[in-house]
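Peer 1: Take a look at the letters that make up each chain.
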Amino acid sequence: MQTFFFVAFPYIALILAVGVGLYRYFARRFTYSSLSSELVEKKYLFWGSVSWHYGITLILLAHLLVALLPAPSRLVLGNHTRLVVLELTGIGLGLYCLFGIVALIARRLPNKSAARSVTSPMDWILLLALGYQAFSGVGIAMFERWGAAWYLNTAVPWLWSLAILHPNAATVTGLPFFIQTHFINGFLVILLFPFTRLVHVVSLPLEYLWRPYQVVIWNRDPRRKQLPCPCQASAVPASAPPPLEPTDEKRRRSLTRIGILVGGISAAIVGIPSLAFLLGLRKAPREWRPLGAVDSFPVGQTVEVSFADASPLPWAGVTAKTAAWLRRDGPAQFTAFSINCTHLGCPVRWLPTANLFMCPCHGGVFYKDGTVASGPPPKPLVTYPVRLNKGIVEILTSPVPITTV
Amino acid sequence: MNVRVQVSMVFHLDKCIGCHTCSLACKNLWTSRPGAEYMWWNNVETKPGTGYPTLYEDQDEYHGGWEVKDGKLQLKLNTRAGELLNISYNPRLPALDDYYEPWTYSYDDVTNAPPQDDQPVFKPISSVTGKEMDIEAGPNWDDDLGGSGIYAANDPNLASLPDQQREQLLSVERIVYFYLPRMCNHCVNPSCVAACPSGAIYKRGEDGIVLVSQEKCRGWRMCVSGCPYKKVYFNWETGKAEKCILCYPRLETGQAPACMHSCPGRIRYLGVLLYDADRIEETALHADNELVDAQREMILDPFDPEVIRQAKANGVEDHVIESAQKSPVFKFVKKWKIALPFHPEFRTLPMLFYVPPLLPVTGTSNEEGLYDTSSDFFSSLENARLPIRYMANLFAAGDEDQVIRIYKKMMAGRYFKRAQSVGGAEDASIAEMLTEAATTSEELEEIYELTTLASFDERFVIPPSSREAAIELVQITLDRQEGGGMGFVHEPRRGL
Chain A
108 MQTFFFVAFP YIALILAVGV GLYRYFARRF TYSSLSSELV EKKYLFWGSV SWHYGITLIL
168 LAHLLVALLP APSRLVLGNH TRLVVLELTG IGLGLYCLFG IVALIARRLP NKSAARSVTS
228 PMDWILLLAL GYQAFSGVGI AMFERWGAAW YLNTAVPWLW SLAILHPNAA TVTGLPFFIQ
288 THFINGFLVI LLFPFTRLVH VVSLPLEYLW RPYQVVIWNR DPRRKQLPCP CQASAVPASA
348 PPPLEPTDEK RRRSLTRIGI LVGGISAAIV GIPSLAFLLG LRKAPREWRP LGAVDSFPVG
408 QTVEVSFADA SPLPWAGVTA KTAAWLRRDG PAQFTAFSIN CTHLGCPVRW LPTANLFMCP
468 CHGGVFYKDG TVASGPPPKP LVTYPVRLNK GIVEILTSPV PITTV
Chain B
18 MNVRVQVSMV FHLDKCIGCH TCSLACKNLW TSRPGAEYMW WNNVETKPGT GYPTLYEDQD
78 EYHGGWEVKD GKLQLKLNTR AGELLNISYN PRLPALDDYY EPWTYSYDDV TNAPPQDDQP
138 VFKPISSVTG KEMDIEAGPN WDDDLGGSGI YAANDPNLAS LPDQQREQLL SVERIVYFYL
198 PRMCNHCVNP SCVAACPSGA IYKRGEDGIV LVSQEKCRGW RMCVSGCPYK KVYFNWETGK
258 AEKCILCYPR LETGQAPACM HSCPGRIRYL GVLLYDADRI EETALHADNE LVDAQREMIL
318 DPFDPEVIRQ AKANGVEDHV IESAQKSPVF KFVKKWKIAL PFHPEFRTLP MLFYVPPLLP
378 VTGTSNEEGL YDTSSDFFSS LENARLPIRY MANLFAAGDE DQVIRIYKKM MAGRYFKRAQ
438 SVGGAEDASI AEMLTEAATT SEELEEIYEL TTLASFDERF VIPPSSREAA IELVQITLDR
498 QEGGGMGFVH EPRRGL
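Chains A and B, in that order, give the protein sequences.
For this note's numbering, add 107 to where a residue sits in the first sequence, where the first one is 1.
For this note's numbering, add 17 to where a residue sits in the second sequence, where the first one is 1.
Rather than coming from a laboratory, the hints here were simulated on the basis of the structure.
Be a bit skeptical, because a hint or two may be false.
Looking from chain B toward chain A, a few residues come up when the C-beta cut is under 7 angstroms (computed) [claimed, not checked]:
#: 1; residue: Arg97
#: 2; residue: Leu113
#: 3; residue: Val210
#: 4; residue: Glu232
#: 5; residue: Arg238
#: 6; residue: Phe251
Fair warning: this is a prediction, and the values are worked out from it, not measured in the lab.
In this text, a Cβ means the ideal position worked out from N, Cα and C, and glycines have one as well.
Please model the complete structure; the sequences and the hints are all you need to start from.
Peer 2: Written as C-alpha cells, this is what we have:
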C-alpha cells in the first residue's frame with residue numbers, strides 16, 4: 108500500500124498531468140481558462156483570491172527551492188536563528204493561504220450566491236484538495252516543528268529518488284500519517300491539474316512583459332504579390348501565379364503532431380522506468396565503504412564517521428556524503444547507528460556524558476544501544492552492518508540514509 | 018507611409034430613432050447563449066445618461082484607454098508588471114451589477130398552470146443563478162431619460178458644464194435627449210489589445226477588425242478594464258472575453274453587418290478607410306484639442322497617387338482601393354469633415370464615427386418662455402438646447418470649435434435645401450451663409466444626397482474579400498446559433 112501511495116501514485120499523477128495536460132492544450136485549447144468568477148462576485152473574491160494566490164506562490168516556491176537545492180538549503184537552515192525566522196515566515200504565509208482558500212470556498216457556498224452557480228463539480232473537488240493541502244501544511248508547521256529541517260532528510264530524498272527514476276520511499280514511509288496525507292494530497296493536486304481549471308497555472312503570461320502592445324495578425328502575407336482581379340482574368344498570362352499555400356493550416360497540423368509526439372516521449376520517459384520499478388527490475392545498489400583502520404577507533408567510544416553514499420546524485424556535492432555513529436564494543440566488535448532520528452529524520456547527536464543519543468528537533472532520546480528512551484521516535488535507531496576487512500572497518504551503505512525500514 | 022485598410026462606419030445620429038433594432042439583430046445572431054445574455058455588443062444609449070455598463074465613461078473609476086506620461090503613451094490601467102501582479106483580482110473590472118443581472122421568466126408556471134381561481138403569474142428567474150430574483154436593473158433601464166434624476170444627472174460628460182446649464186437640462190420644459198448607438202470602435206490604437214496579457218486580442222491586418230482569439234484567451238479580464246468603451250465582455254460560462262466581431266463572417270461574404278442591415282432609420286454607413294500605420298503613435302500623442310484633426314490627418318486620401326502606390330506596395334488589392342474611393346465613410350469623415358470619433362481623448366483612435374445630431378434646432382427658451390428667433394442664422398448654436406459643450410465632451414475631447422463647425426455646415430445644408438424647395442430666402446443671404454459655414458452648394462448637395470436619398474449600395478460599400486486567402490473566412494462559424502460564429506471548433510461551454 109505504501110509503495111502504491113509513495114511510488115506508483117506520484118508517477119501516475121505526473122504522467123497524467125503531463126500527458127492529459129498536453130492533449131488538452133493541443134486538442135481542446137478552448138477549455139484552457141482561469142474561469143474567473145470575478146464578474147459575478149467581486150467582494151469576497153478580493154479577500155480570497157489575493158491571499159490565496161500570493162500566499163501559495165511564495166510557499167510553493169519555498170518548497171521547490173529547498174527540494175531543488177538541498178545542499179545550499181542545508182547550509183541556510185543549519186543556523187538556529189535562521190531556521191526559526193524561516194519557520195515563522197512559513198507559518199505566517201501558510202495561514203495567509205489558508206485564510207484565502209477558506210474565503211474562496213466560503214464565497215461559493217451560499218445557495219443564492221452567483222459564484223456557486225458558476226462552480227462545476229471539478230471546481231469543488233479542486234477546492235477541497237487545495238483546502239486540505241493548505242490545512243495540513245499549516246497543521247504540520249504548527250505541530251511537527253522544524254519541518255524546514257526534516258523536510259530535507261525525508262521528503263527531499265524521496266522526491267529526488269522519484270525524479271531520477273530510482274524511486275525509494277523508505278525515508279517517508281515511517282513518517283506520521285498526518286504528514287503523509289500532505290504528500291499524497293500534494294500529488295492528488297498534480298493529478299487534478301489537467302482535469303480542472305488549475306491548467307491556468309501554466310499559462311501565466313510572462314511574455315506580456317516584453318511583447319509589443321499592439322498585435323496585428325495578417326491572414327495572408329501583406330507584401331505578397333497582388334492577386335489578379337477576377338474581372339481581368341483574360342489579361343492574365345498563361346503562367347498563372349503559383350497557388351497560395353495555406354501555410355497556417357499546415358503549421359497548425361504539424362504543431363499538433365509535434366505536440367502529440369512530445370507528449371508521447373515524455374510519457375514514455377516517465378512511464379517505462381516506473382513500470383519497471385513496479386515489476387521489481389531495479390534494485391538499489393548497496394556497497395561496502397571503508398571507514399578507517401581498526402586501530403583508529405578506541406574501544407568503548409562512539410564517534411561520528413562519514414562515508415560516500417552508494418548512489419549519489421551527480422550534483423549532490425557535499426550532500427553525497429552521509430554519516431553514522433560508530434562504536435567499537437570490543438577488539439573486533441563494531442556497531443553502526445544511523446544518524447537519522449526514527450521520528451522525522453533529524454540528525455541525532457551522541458552525548459558521551461549522558462550515554463544517550465539526543466535528537467534536537469522534537470526531543471527524541473535513545474539509549475546507548477539505540478532503543479528509544481523517550482520522546483516521539485516510534486522505533487530504535489537503525490543499525491548498519493559493519494565488517495572488518497584486512498584491518499579496515501567497512502560499513503554497508505543503504506541507497507539513502509534511511510531511518511525506518 | 019505604411020498604408021493599412023480599416024473597415025469603418027458612420028452613424029448619422031440625426032436619423033437614429035432609438036428603436037434598438039440593431040441591438041436585437043446583434044443579440045439574436047451572436048449573444049443569445051449562456052454566459053453572454055448580459056452582453057450587448059451593440060447597444061443604444063439615451064444621452065445624457067450614464068450608459069451601459071453604468072458610468073463606463075468615467076475613466077477615473079475604470080482606468081480604460083491611454084494616457085500620455087512623460088511624452089509616452091501608456092495604458093491608464095496599469096504598468097505591464099502591475100497588471101501581472103493584479104492578475105488574480107482585477108480591481109478595475111466592472112461587476113455584473115454594473116451591467117445588469119440577466120433574467121428570464123418561469124413561463125412554465127403559466128403554461129402548465131392547473132385550472133384555478135386566480136390568474137397564474139410567472140416570476141423572474143436569474144439567468145446566472147437559475148433562482149428567483151428581484152429585477153433591479155435591465156438593458157436600457159434609462160431609455161428615453163427614464164429615471165433621469167439618477168441616470169442623466171450623473172452623466173460624466175456633464176461634469177464640466179456650468180451649474181445653470183446642467184439644471185436647465187433637467188427641467189421639464191427644456192429637457193432634451195438623443196440616442197447614441199454604440200459598439201466596438203475597432204480602434205487603430207486599441208487599448209484592449211495592449212492590455213491583454215495573453216496576447217489573445219488582435220487586429221486583423223486585412224480589414225482592421227479587432228477580434229479575441231478564443232483559443233488563446235485565458236480569462237485574465239484585463240481587456241474589459243482596458244477598453245474605455247467597455248465593449249469587451251467577459252463570458253462567465255466559457256471564461257473567455259468576447260466582443261463585437263463586426264459580423265466578419267457576413268462582411269467576408271459581401272453582406273452588411275447585422276446591426277447595419279437591420280437599421281430602419283438607415284443611419285449607418287459602412288466603407289473602407291486607408292490610414293497610415295506609421296503615424297498611429299504620433300497621432301495618439303497629440304494634445305486633447307488636436308486629436309480630432311490629427312486622426313483626420315492619419316486617414317489617407319484614396320485618390321492620392323502616392324497613397325495608391327504605397328497601398329499597392331503593401332499588398333492592398335486594387336478592388337479594395339477602389340472601394341476605399343467609393344467609401345461613404347471617407348466622405349463623411351475626411352472630405353466633408355462632419356463625422357467625429359467618440360471620446361477621442363481616450364486616445365485609442367476609434368474608427369467608428371458619429372455625425373452629431375442637429376436636435377437643438379431651437380435654442381434655450383428665455384425667461385418669458387419664448388425661443389430666440391433672431392434672423393442671424395447660427396445664433397441659436399451658442400445657446401443651443403443641448404449645450405455645445407456637452408457634444409464637444411462626447412465627440413471632440415472638449416473642443417467646441419469642431420462641433421460648431423459641423424453644426425454650421427449641417428444647418429447651412431438645411432437652410433439651403435429649404436430655400437430650394439419652399440423658397441423664402443434671398444440668394445445673397447444664402448451665399449453669405451455658405452461662406453460662414455465654409456461650404457459650397459455643391460458640397461451641400463452631395464451631403465444631402467448621401468444623407469437622405471442613398472441606396473443600400475451607396476451606404477454600404479463592402480470591400481470584396483479574397484476567399485482563396487482568408488483563413489477565418491473558411492471556418493464554419495454559423496453551423497449553430499450557439500456556435501457564436503467566432504470560429505469555435507468546439508461547443509462554447511466552460512472547461513472542467
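Peer 1: Each hint needs a verdict: does it hold in this structure or not?
Peer 2: Evaluated hints:
At a threshold of 7 angstroms, the smallest CB-CB gap from Arg97 (chain B) to chain A is about 5 angstroms, leaving the interface hint in force. Given the 7 angstroms rule on beta carbons, the hint for Leu113 (chain B) holds: about 5 angstroms separates it from the nearest Cβ of chain A. About 5 angstroms separates the beta-carbon of Val210 (chain B) from the nearest beta-carbon of chain A, less than 7 angstroms, and the hint is met. Because the smallest distance between the Cβ of Glu232 (chain B) and any Cβ of chain A comes to about 4 angstroms, under 7 angstroms, the interface hint for this residue holds.
Of the supplied interface hints, the one on Arg238 (chain B) holds, with its beta-carbon coming within about 6 angstroms of a beta-carbon of chain A, less than 7 angstroms. A least Cβ separation of about 5 angstroms between Phe251 (chain B) and chain A falls short of the 7 angstroms threshold, and the interface hint therefore holds.
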